[in-house]
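Q: Chains as they are written, first to last, in my numbering: chain A, 1 to 112; chain B, 1 to 114.
These are calculated hints, taken from the structure and not from any lab test.
The structure presented is a predicted model; accordingly, all values stated were derived computationally and were not measured.
Glycine included, C-beta positions come from ideal geometry on N, C-alpha and C.
One thing to keep in mind: the hints can contain errors.
[Unchecked claim] Which bits of chain A does chain B cover? Going by a derived footprint, with three or more residues having C-beta under 8 angstroms, they are: (1) 27-38; (2) 99-110.
[Unchecked claim] Lysine to any residue pairs mimicking SDA-like chemistry, simulated, CA-CA at most 25 angstroms apart: (3) A:Lys99 x B:Leu73; (4) A:Lys99 x B:Ser27; (5) A:Lys69 x A:Ser104.
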Amino acid sequence: SQQGEEDPQALSIQEGENATMNCSYKTSINNLQWYRQNSGRGLVHLILIRSNEREKHSGRLRVTLDTSKKSSSLLITASRAADTASYFCAILAYSSASKIIFGSGTRLSIRP
Amino acid sequence: SAVISQKPSRDICQRGTSLTIQCQVDSQVTMMFWYRQQPGQSLTLIATANQGSEATYESGFVIDKFPISRPNLTFSTLTVSNMSPEDSSIYLCSVVWNFQETQYFGPGTRLLVL
Numbered sequence: 001s002q003q004g005e006e007d008p009q010a011l012s013i014q015e016g017e018n019a020t021m022n023c024s025y026k027t028s029i030n031n032l033q034w035y036r037q038n039s040g041r042g043l044v045h046l047i048l049i050r051s052n053e054r055e056k057h058s059g060r061l062r063v064t065l066d067t068s069k070k071s072s073s074l075l076i077t078a079s080r081a082a083d084t085a086s087y088f089c090a091i092l093a094y095s096s097a098s099k100i101i102f103g104s105g106t107r108l109s110i111r112p
Numbered sequence: 001s002a003v004i005s006q007k008p009s010r011d012i013c014q015r016g017t018s019l020t021i022q023c024q025v026d027s028q029v030t031m032m033f034w035y036r037q038q039p040g041q042s043l044t045l046i047a048t049a050n051q052g053s054e055a056t057y058e059s060g061f062v063i064d065k066f067p068i069s070r071p072n073l074t075f076s077t078l079t080v081s082n083m084s085p086e087d088s089s090i091y092l093c094s095v096v097w098n099f100q101e102t103q104y105f106g107p108g109t110r111l112l113v114l
């Protein structure tokens, strides 16, 4: 399966702490994207990292990609209550005609 | 920025009936997709909606159960046919503009089948 696997499945941290979520996949990719979903609503695109990139930043988000290990991580620094959501990685494999395949997701809870 | 809308936002349906979900984009897109998200699960790709031709379905999904139309570059429909409680899910459309890499999602349609 090309699906990404994420760990942990669930993460609960104190507000202000950093949250790290990991994504592993099995195939060669063109890029990897991270999405956030609040309570069963639509998905919000967070960040895209290409296969030739190793790290990207966007505000409090930091994404790394290690294509040799077929893994990525999403770090949210200085977490806030509003960061409580489910986070999904999604991979765009080579020759996949723009189809992205989602990982299993991490449910992040921020305790006030 | 471009807007993706879905109708209905939610519905409660009786088993054996069918529901058609609409996805409307306010600008032309190159690709449109339909996903299903079962309760507590991740997203699973149902099919790629092809403009003017039959959709391309993923393994485990068939046209008789999930007929899809895409008459133009801004609109698509997904029908969930002969529904059963197992079809209770969130159905989401997504789009890609100008063959860009990023995929953007509609707000989803929450379906409950009794």
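Q: CA of A:Lys99 to CA of B:Leu73, is that 25 angstroms or under?
A: holds, 17 angstroms
Q: Check the hint pairing A:Lys69 with A:Ser104 against an upper bound of 25 angstroms on the C-alpha distance.
A: Between A:Lys69 and A:Ser104 the Cα gap is close to 18 angstroms, so the pair holds against 25 angstroms.
Q: Closer than 8 angstroms Cβ to Cβ for three or more residues is the test here. Does the stretch 99-110 of chain A pass it with chain B?
A: It holds: at least three residues are needed, and the stretch 99-110 of chain A offers 7 whose Cβ sits within less than 8 angstroms of chain B.
Q: Are the Cα positions of A:Lys99 and B:Ser27 separated by 25 angstroms at most?
A: With Cα atoms ~20 angstroms apart, A:Lys99 and B:Ser27 stay inside 25 angstroms; holds.
Q: Against chain B, does the stretch 27-38 of chain A show at least 3 residues with beta-carbon separation below 8 angstroms?
A: It holds, with 4 qualifying residues against the three required.
Consistency with the previously given hints is maintained throughout, with no hint failing.
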